[in-house]
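The residues making up each chain are set out below.
There are 2 protein chains.
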Amino acid sequence: MEFDSTKIYGIVGGLGADASAKLYLDIVNGTISQNNERYPAVLVWNIPIKKVDDEALMQEPRDDKNVVFNLLKDAVDRLSRAGANVIGIACNTIHFLIHKLPIYNNVSFLNIVDCTVEKIKNLNVSNVGLLATTSTIKSGIYSNPLSQHGINVILPNENDQRIVVEIIFKVLEKREDSRFKDEIKRIIKAMGVTTVILGCTELPLIFKQSDIEDVIVIDTIEVLRESMMNATG
Amino acid sequence: MEFDSTKIYGIVGGLGADASAKLYLDIVNGTISQNNERYPAVLVWNIPIKKVDDEALMQEPRDDKNVVFNLLKDAVDRLSRAGANVIGIACNTIHFLIHKLPIYNNVSFLNIVDCTVEKIKNLNVSNVGLLATTSTIKSGIYSNPLSQHGINVILPNENDQRIVVEIIFKVLEKREDSRFKDEIKRIIKAMGVTTVILGCTELPLIFKQSDIEDVIVIDTIEVLRESMMNATG
Numbered sequence: 001m002e003f004d005s006t007k008i009y010g011i012v013g014g015l016g017a018d019a020s021a022k023l024y025l026d027i028v029n030g031t032i033s034q035n036n037e038r039y040p041a042v043l044v045w046n047i048p049i050k051k052v053d054d055e056a057l058m059q060e061p062r063d064d065k066n067v068v069f070n071l072l073k074d075a076v077d078r079l080s081r082a083g084a085n086v087i088g089i090a091c092n093t094i095h096f097l098i099h100k101l102p103i104y105n106n107v108s109f110l111n112i113v114d115c116t117v118e119k120i121k122n123l124n125v126s127n128v129g130l131l132a133t134t135s136t137i138k139s140g141i142y143s144n145p146l147s148q149h150g151i152n153v154i155l156p157n158e159n160d161q162r163i164v165v166e167i168i169f170k171v172l173e174k175r176e177d178s179r180f181k182d183e184i185k186r187i188i189k190a191m192g193v194t195t196v197i198l199g200c201t202e203l204p205l206i207f208k209q210s211d212i213e214d215v216i217v218i219d220t221i222e223v224l225r226e227s228m229m230n231a232t233g
Numbered sequence: 001m002e003f004d005s006t007k008i009y010g011i012v013g014g015l016g017a018d019a020s021a022k023l024y025l026d027i028v029n030g031t032i033s034q035n036n037e038r039y040p041a042v043l044v045w046n047i048p049i050k051k052v053d054d055e056a057l058m059q060e061p062r063d064d065k066n067v068v069f070n071l072l073k074d075a076v077d078r079l080s081r082a083g084a085n086v087i088g089i090a091c092n093t094i095h096f097l098i099h100k101l102p103i104y105n106n107v108s109f110l111n112i113v114d115c116t117v118e119k120i121k122n123l124n125v126s127n128v129g130l131l132a133t134t135s136t137i138k139s140g141i142y143s144n145p146l147s148q149h150g151i152n153v154i155l156p157n158e159n160d161q162r163i164v165v166e167i168i169f170k171v172l173e174k175r176e177d178s179r180f181k182d183e184i185k186r187i188i189k190a191m192g193v194t195t196v197i198l199g200c201t202e203l204p205l206i207f208k209q210s211d212i213e214d215v216i217v218i219d220t221i222e223v224l225r226e227s228m229m230n231a232t233g
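If you read the protein sequences in the order shown, they are chains B and P.
In case it helps, our numbering puts the first sequence at residues 1 to 233.
In case it helps, our numbering puts the second sequence at residues 1 to 233.
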């Protein structure tokens, strides 16, 4: 082998593709900016999910073993087979199914939700805003572990949550709009929080820390990238 | 298997990463725009090449079996092992080594140079401009097959070729500059051609058909995408 194969990144991608490509490029750029002499070994697998299943997944945390779970298991199997040993999924929503995945030997599996919760705990806050799919919210993957640490999860009101989901769908379909940035900013301000989790990987594609003052923006793609780069293969 | 595994795209990437991510996203978007109900199965492998080897590769077509060729063979092996059966490399330069790769059963290997030559032949032109790395030019991977079909390859003058290579290096290093577009346009106009091949996958990242009038721009990433999508797995 020409390179050190103890660190081969695997990205379970396609949920959606743009977020996955961003994580891939961020790992490449992060590696080069650390003055590595070599580009990183990265594998990306775009899950061939049906559009209707992807959309249903975001609305309701369905325990759909026959479709989504099998695609997820196939993804991790496939990445491991090709050598990946530090694996992450560039999507928050699907993490309600993660505890059902088998344990893979010799693979560090980085859970974007766990990594983000860990980061929030270290911020010493009592409230945190969450912008996410309805499925992520209903499943409690963020609110359960955060409440155990005495941190309240603040959600948008019902109408704003509908707008957040609409924006996520439109970003996925590449129907981006310059007004999305202002809408997201307005929704965060209405929540009255000083820290907010962009708990869906489509959101960092259109909204960044530099777009809002006086609120700490937690970009989950960036949290996952950092965790994967710090992990041991 | 939840999906049709007879068409799993494999992208040998990292030469460079941005071009590879573009090809990946273009395949996803191309699939969705054909009204497919399912997102495509795509694997991307970012070759962990050393920066110095990558830079040397672009300057001189070195037959470096011990380093670059091994990484290339490993890439195709790895993608095949994970199931890819329609494989392409998002890079022109490295194609001087392609004829040395073993034949892979059950894999359609799409050669970006062959696909582009085929396209040029069908345009019924006698001259075509080529913007590429010095290595691509010296190796004759474009000029040899095109001259066999009576098509002259027109190159930039020595000074302009130096500028083209400088631009490619800077795009690879993300040191993009708004002046690159004007420089490329000037160089194409100076070549006096009506058709030009962007024969390095970094170039379509900064220059498009819409940036120039009266010249047909052949984007090799787009040619490879189309060929991969039309191929049978």
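Take the hints with a grain of salt, since some may be wrong.
Pairs involving identical chains hold if they fit within one copy or between any two copies, as the list cannot separate such chains.
In silico DSS-like pairs for lysine-lysine, Cα to Cα no more than 27 Å straight-line [unchecked claim]:
{"no.": "1", "residue 1": "LYS7", "residue 2": "LYS174"}
{"no.": "2", "residue 1": "LYS51", "residue 2": "LYS73"}
{"no.": "3", "residue 1": "LYS73", "residue 2": "LYS185"}
{"no.": "4", "residue 1": "LYS51", "residue 2": "LYS7"}
{"no.": "5", "residue 1": "LYS121", "residue 2": "LYS50"}
{"no.": "6", "residue 1": "LYS181", "residue 2": "LYS7"}
{"no.": "7", "residue 1": "LYS50", "residue 2": "LYS7"}
{"no.": "8", "residue 1": "LYS73", "residue 2": "LYS181"}
{"no.": "9", "residue 1": "LYS181", "residue 2": "LYS51"}
{"no.": "10", "residue 1": "LYS189", "residue 2": "LYS73"}
No lab work stands behind these hints, which were simulated from the structure alone.
Hints, one by one, checked against the model:
1. LYS7 <-> LYS174: between (33 Å within a copy, 24 Å between copies)
2. LYS51 <-> LYS73: within (18 Å within a copy, 34 Å between copies)
3. LYS73 <-> LYS185: Close neither inside one copy (36 Å) nor across copies (48 Å); limit 27 Å.
4. LYS51 <-> LYS7: Only across copies: LYS51 and LYS7 sit 18 Å apart there, 32 Å inside one copy, limit 27 Å.
5. LYS121 <-> LYS50: Answer is neither: 36 Å inside a copy and 38 Å across each miss the 27 Å cutoff.
6. LYS181 <-> LYS7: neither (36 Å within a copy, 37 Å between copies)
7. LYS50 <-> LYS7: between (31 Å within a copy, 15 Å between copies)
8. LYS73 <-> LYS181: Classified as neither; 35 Å inside a copy, 44 Å across copies.
9. LYS181 <-> LYS51: within (25 Å within a copy, 37 Å between copies)
10. LYS189 <-> LYS73: neither (39 Å within a copy, 53 Å between copies)
The structure fails hints 3, 5, 6, 8 and 10 (numbered hints given earlier, in ascending order).
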